[in-house]
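Visitor: The listed protein sequences correspond, in order, to chains G and A. Under my numbering, the letters of the first sequence match residues 1 to 360, in that order. Under my numbering, the letters of the second sequence match residues 1001 to 1360, in that order.
These are calculated hints, taken from the structure and not from any lab test. A few of these clues could be false.
Unchecked claim - Here are the simulated DSSO-like pairs of lysine-lysine, each with C-alpha atoms no more than 30 angstroms apart in a straight line:
(1) G:Lys340 <-> A:Lys1322
(2) G:Lys322 <-> A:Lys1352
(3) A:Lys1296 <-> G:Lys354
(4) A:Lys1296 <-> A:Lys1354
(5) G:Lys322 <-> A:Lys1340
(6) A:Lys1296 <-> G:Lys322
(7) A:Lys1340 <-> G:Lys340
(8) A:Lys1322 <-> G:Lys296
(9) G:Lys296 <-> A:Lys1213
(10) G:Lys23 <-> G:Lys257
(11) G:Lys340 <-> A:Lys1296
(12) G:Lys354 <-> A:Lys1322
(13) A:Lys1296 <-> G:Lys23
(14) G:Lys296 <-> A:Lys1257
(15) A:Lys1296 <-> A:Lys1322
(16) G:Lys352 <-> A:Lys1322
(17) G:Lys257 <-> G:Lys296
(18) G:Lys322 <-> G:Lys265
(19) G:Lys296 <-> A:Lys1340
(20) A:Lys1257 <-> A:Lys1023
There are 2 protein chains.
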Amino acid sequence: MNLYAVIMAGGSGTRFWPASRQKRPKQLLTLTGERSLLQQTVDRLGPLAPPERVLVVTGSMHTDEVLEQLPELPPENILSEPMGRNTAAACGLAAAWVARRDPGAVCLVLPADHLIIDEALFLSTLGRAAELAAEQKVLVTLGLTPRFPATGFGYIETGEVADPQPPVISQVAAFHEKPDLATAEEYLESGRHLWNSGMFAWRAEVLLNELDKHLPELSRGLAELSPSLCGPGQDESLECVYPDLPSISVDHGVLEKSSCLRVVKADFGWSDVGSWEAMSELWELDHHGNACREGKEQIHAVDSHGNLVSADGRLAALLGVKDLVVVVTDDVVLVAPRSKCQDVGRLLDELKVKGLEEYL
Amino acid sequence: MNLYAVIMAGGSGTRFWPASRQKRPKQLLTLTGERSLLQQTVDRLGPLAPPERVLVVTGSMHTDEVLEQLPELPPENILSEPMGRNTAAACGLAAAWVARRDPGAVCLVLPADHLIIDEALFLSTLGRAAELAAEQKVLVTLGLTPRFPATGFGYIETGEVADPQPPVISQVAAFHEKPDLATAEEYLESGRHLWNSGMFAWRAEVLLNELDKHLPELSRGLAELSPSLCGPGQDESLECVYPDLPSISVDHGVLEKSSCLRVVKADFGWSDVGSWEAMSELWELDHHGNACREGKEQIHAVDSHGNLVSADGRLAALLGVKDLVVVVTDDVVLVAPRSKCQDVGRLLDELKVKGLEEYL
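Given the sequences, and given the hints that come with them, work out the whole structure.
Guide: Below, the structure written as structure tokens:
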């Protein structure tokens, strides 16, 4: 089985502003350790896919930075989307690219901006998902065992168990949108609901067939693109065809309609690193619950508790403050209570109103 | 009358840390406008004393920065103290320097790190103080009309009025140390107590005579220094003699003992710029009471009130925070409630304990 890793790096989230910017989204940031989330994602997949079989789908605005961060990848393995067209198009593009080389190969699709705690379990789980995708003509989705009643993720309801050996493989009974808290609590208790992770495994030709069945317009666009993929005309062809592709998620557009689905239950520690607040679980805390990026900066706290600091290498001197997020970049300093740091979008909306786009 | 301005720039305060550092004390900082407090002090005195008659007494650690900030001053007008020996020695040194040139000249002694609101009134008040010092053999001190019951300043109790024309000139009845709040309130009500400003006027020879009378050891040291002052041996001589000078304030050592004292009542708006908190009166506030250095940086506040920011040119994005002081420098970010920013010394004490002297 030939395995290709397809890394979805098209995000442009704002929740790590001001560290994340339009030109430097979250996946390109170094939030833990020495490497960016994207680089860590590629590193982590090393045992499964060597650089020549790693694809990165990203926005054309970020291509240069991706090339710089991943010099080991052949440049044609960076697929530059001229604009976002959601995940069905991105997955389809990658599958079409892989199919040009090796139609029977399996694509492992992974977000660029997640953190994984237990990498060995991550690799063995993905390996099992890839095997399943190679053996059977199925679309495989990974479902994460929920740790709390999250309202920020979609859920996958599992059906009949196909293989009880860990990682457990099941039929998919249903997909559920982000629930309210009461529903999320029911899901958590049921034992049958898993977080929809955005990680998938499928053979390139299997996904292309399913796209043809459920999203024929996208399928036609990909057929038009196909001859130029992996070659020098790739970028030009994308510029030409991409704007007219339908914009829909692979979940809505394909998975929810498909009859050949499996879900693999994943138990490796995982974080989608959703906001600065999430760093309280990922950074090492001092005795007073303050945290910063270890090795990058240090906190000097007096009467201060529960603060999260990203200070671009500075000493963070905290005197009598608690539960704040403090972020310093070249041109911005952000101060907010941890509880409000998910509202950073409000700051950005008002920056737009003031015409201060250079800070977005 | 020849008038010399003697600017006392020996301070090494910590209350503007991390902007102020051991190598860059408050008087060398630009906290308002385009010029440092020291530069503003020299600029303001222009109508009274041209550069060749401005002396700056500073610590040798700061001499280079002072020379750089005041290129218009002849280098021999910078008097470098090898170590601090309090204000009696500094005033005596300047008087000895002036006496070498012109024994009858008047010295106006002024701190380098104050801000003055009404500069015209400042100049006319100082002019009157200098006249008085020139006409009579008296030591003249300026007393500021108190605006609130300050516990952070010493007070001058006025005696018999010598000239009721503004600025009112009086005898000095007594000097009082920093009072407790109840006493400060009594002082404020009495109408007879003025803040001790650290601003003085005297003829060089009059001060030297008084030093000879009340601080003979200091007087002998100054006599030893005198031949080398204003000449190429000045610095070397200071290195040699200064360490043995007694360390005492001019208030304690001379003024409180002298029988030839006058106080001039000063009513120009004044600030000793005592801490970041003081900037709330000196910076322009936005509609929500947030303030930064105008023209240097800007505040973008959402649900945020009463914050003071010095962000080294950055945009300060404040979301849901109030009454904080936020200071960003090349290597430090400080966050503290405004009410605590006078305790910044505690942070510095603990930095020393941790061996992080490079941040002091």
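Visitor: All hints are to be evaluated individually against the structure, with a verdict given for each.
Guide: Okay, the hints, checked on the actual structure:
1. G:Lys340 <-> A:Lys1322: Distance of about 13 angstroms is within 30 angstroms: holds.
2. G:Lys322 <-> A:Lys1352: holds, 23 angstroms
3. A:Lys1296 <-> G:Lys354: Holds: Lys1296 (chain A) and Lys354 (chain G) sit about 18 angstroms apart, inside 30 angstroms.
4. A:Lys1296 <-> A:Lys1354: Violated - the C-alpha atoms of Lys1354 (chain A) and Lys1296 (chain A) are around 33 angstroms apart, more than 30 angstroms.
5. G:Lys322 <-> A:Lys1340: holds, 13 angstroms
6. A:Lys1296 <-> G:Lys322: OK: Lys1296 (chain A) and Lys322 (chain G) at ~28 angstroms, within 30 angstroms.
7. A:Lys1340 <-> G:Lys340: Holds: Lys1340 (chain A) and Lys340 (chain G) sit about 23 angstroms apart, inside 30 angstroms.
8. A:Lys1322 <-> G:Lys296: holds, 28 angstroms
9. G:Lys296 <-> A:Lys1213: Violated, at about 60 angstroms.
10. G:Lys23 <-> G:Lys257: violated, 35 angstroms
11. G:Lys340 <-> A:Lys1296: Status holds; Cα separation ~27 angstroms.
12. G:Lys354 <-> A:Lys1322: holds, 22 angstroms
13. A:Lys1296 <-> G:Lys23: Holds: Lys1296 (chain A) and Lys23 (chain G) sit about 25 angstroms apart, inside 30 angstroms.
14. G:Lys296 <-> A:Lys1257: violated, 57 angstroms
15. A:Lys1296 <-> A:Lys1322: holds, 21 angstroms
16. G:Lys352 <-> A:Lys1322: holds, 23 angstroms
17. G:Lys257 <-> G:Lys296: Violated, at about 47 angstroms.
18. G:Lys322 <-> G:Lys265: violated, 38 angstroms
19. G:Lys296 <-> A:Lys1340: holds, 27 angstroms
20. A:Lys1257 <-> A:Lys1023: violated, 35 angstroms
Checked against the numbered hints above, the structure violates hints 4, 9, 10, 14, 17, 18 and 20; every other hint is satisfied.
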